[in-house]
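Build out the structure end to end from the sequences listed, making use of the hints.
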Amino acid sequence: VTMSLANFSPLALSLYPVGLTHFLLLGAVLLVCGVLAILTKRNAIGILMGVELILNAANINLVAFDHFANVAAGGAAIGQFGRHAPDGQIIALFVIVLAAAEAAVALAIFLNFYNNFASIDVERADELRG
Amino acid sequence: MMIHCLLNPTMPILPLAALGTVALSAGALSAILFYLVGGIAALSAVALVVSRNIVHTAVFLLFTLVSAAGIYFLLDAAFVAAVQMVIYVGGTLILIVFGVMLTARLPHEPPHESNVERGVAIAIGAVMLFALAMALVRSPLAQQPAPAETSTEVNHERPTIPTNSQSTPVWPGSRDATDYPVESIGRALLGDYLAPFELASVLLLLVMIGAAYLAKARRRGPEQITPQPVRQEAMS
Numbered sequence: 046v047t048m049s050l051a052n053f054s055p056l057a058l059s060l061y062p063v064g065l066t067h068f069l070l071l072g073a074v075l076l077v078c079g080v081l082a083i084l085t086k087r088n089a090i091g092i093l094m095g096v097e098l099i100l101n102a103a104n105i106n107l108v109a110f111d112h113f114a115n116v117a118a119g120g121a122a123i124g125q126f127g128r129h130a131p132d133g134q135i136i137a138l139f140v141i142v143l144a145a146a147e148a149a150v151a152l153a154i155f156l157n158f159y160n161n162f163a164s165i166d167v168e169r170a171d172e173l174r175g
Numbered sequence: 005m006m007i008h009c010l011l012n013p014t015m016p017i018l019p020l021a022a023l024g025t026v027a028l029s030a031g032a033l034s035a036i037l038f039y040l041v042g043g044i045a046a047l048s049a050v051a052l053v054v055s056r057n058i059v060h061t062a063v064f065l066l067f068t069l070v071s072a073a074g075i076y077f078l079l080d081a082a083f084v085a086a087v088q089m090v091i092y093v094g095g096t097l098i099l100i101v102f103g104v105m106l107t108a109r110l111p112h113e114p115p116h117e118s119n120v121e122r123g124v125a126i127a128i129g130a131v132m133l134f135a136l137a138m139a140l141v142r143s144p145l146a147q148q149p150a151p152a153e154t155s156t157e158v159n160h161e162r163p164t165i166p167t168n169s170q171s172t173p174v175w176p177g178s179r180d181a182t183d184y185p186v187e188s189i190g191r192a193l194l195g196d197y198l199a200p201f202e203l204a205s206v207l208l209l210l211v212m213i214g215a216a217y218l219a220k221a222r223r224r225g226p227e228q229i230t231p232q233p234v235r236q237e238a239m240s
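Chains A and B are the protein sequences, given in the same order. Under this note's numbering, the first residue of the first sequence carries the number 46, and numbering increases by one thereafter. Under this note's numbering, the first residue of the second sequence carries the number 5, and numbering increases by one thereafter.
In case anyone wonders, no lab produced these hints; they're calculated from the structure. Computed from a prediction, not measured in an experiment: that's the story for all the values here.
Selected chain B positions facing chain A (in silico; Cβ < 8 Å):
1. Ser-34
2. Val-53
3. Tyr-76
4. Leu-133
5. Leu-136
For every residue, glycine included, the Cβ atom is placed at its ideal position computed from N, Cα and C.
This is the structure in structure tokens:
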């Protein structure tokens with residue numbers, strides 16, 4: 046498999062007809078930003094924000110796939126009740142709910158950690174073992 | 005030519021067309037809106053990573069979440085956008101801001117990351133973004149822009165699904181009095197997705213109990229907070 050460098054031009058994507066790929070690229074940017082936030086932040090709440098970014102990237106992908114799958118089907122994706130079943134949107138709703146739950150538990154843990162250590166630096170969390 | 009329009013072509017275009025100054029097709033308008041909202045989302049996400057003040061980080065997260073809601077609006081997912089605004093921006097972000105405020109009094113500020121760590125992180129991010137972008141642009145999904153493939157087969161010879169020439173606004177176009185997107189979401193939630201729906205409610209109850217239990221444990225007065233980290237025996 047020989048791949049020349051010209052194959053790797055991201056400019057092969059045209060700007061104007063905004064399609065599925067553009068939304069997926071936006072999701073990719075948010076995903077990478079979330080991973081970088083998790084990697085670089087030392088504040089535990091900053092890490093939690095990175096997780097939220099990643100979940101939002103996944104949500105954008107889900108909703109975009111839902112929309113464009115429906116477009117591809119000509120708006121005729123028929124669900125159980127004779128209507129389009131917006132599966133991607135429903136999974137996105139579940140992701141939002143689970144993200145809220147996760148944030149609540151994570152913040153409770155961080156508050157406990159802060160009460161005990163007077164810090165939310167994750168580098169100091171290595172004494173939580175045992 | 006507009007391959008597809010992301011907006012309801014009747015509603016938001018009419019005031020602009022009445023102005024008479026700019027004649028924008030629905031596709032062009034939605035493209036402009038996409039780049040505007042998506043640009044705000046991406047820039048504020050990058051700023052979230054770069055900023056070192058945790059309060060600024062929270063503000064950038066707010067911008068990102070609101071722009072994500074705008075993206076959902078552009079994708080005809082108004083209900084998801086509303087839920088995003090209500091739960092994410094109104095609930096989760098407020099929770100995070102409260103967390104920032106409650107932990108703001110740090111006796112010793114956490115040290116910033118070193119330049120080496122920054123460099124490694126930037127390298128990882130660049131590689132990840134490049135790989136993802138290449139995979140997306142070169143994927144068969146990107147080859148047919150207008151009707152995106154739903155299957156994962158790499159088959160370029162498949163017959164294109166016939167669509168209306170004047171772009172297919174999916175839900176708003178075929179909407180009548182009995183076919184609302186929110187109604188289909190509700191029917192699916194209480195139909196096909198009933199088990200996850202109930203599981204989510206049980207999980208929310210568990211999370212409420214667990215978070216209340218975790219957060220109330222052994223509160224010390226703020227004057228007793230000392231930097232010494234050896235108090236963990238009382239926990240276990």
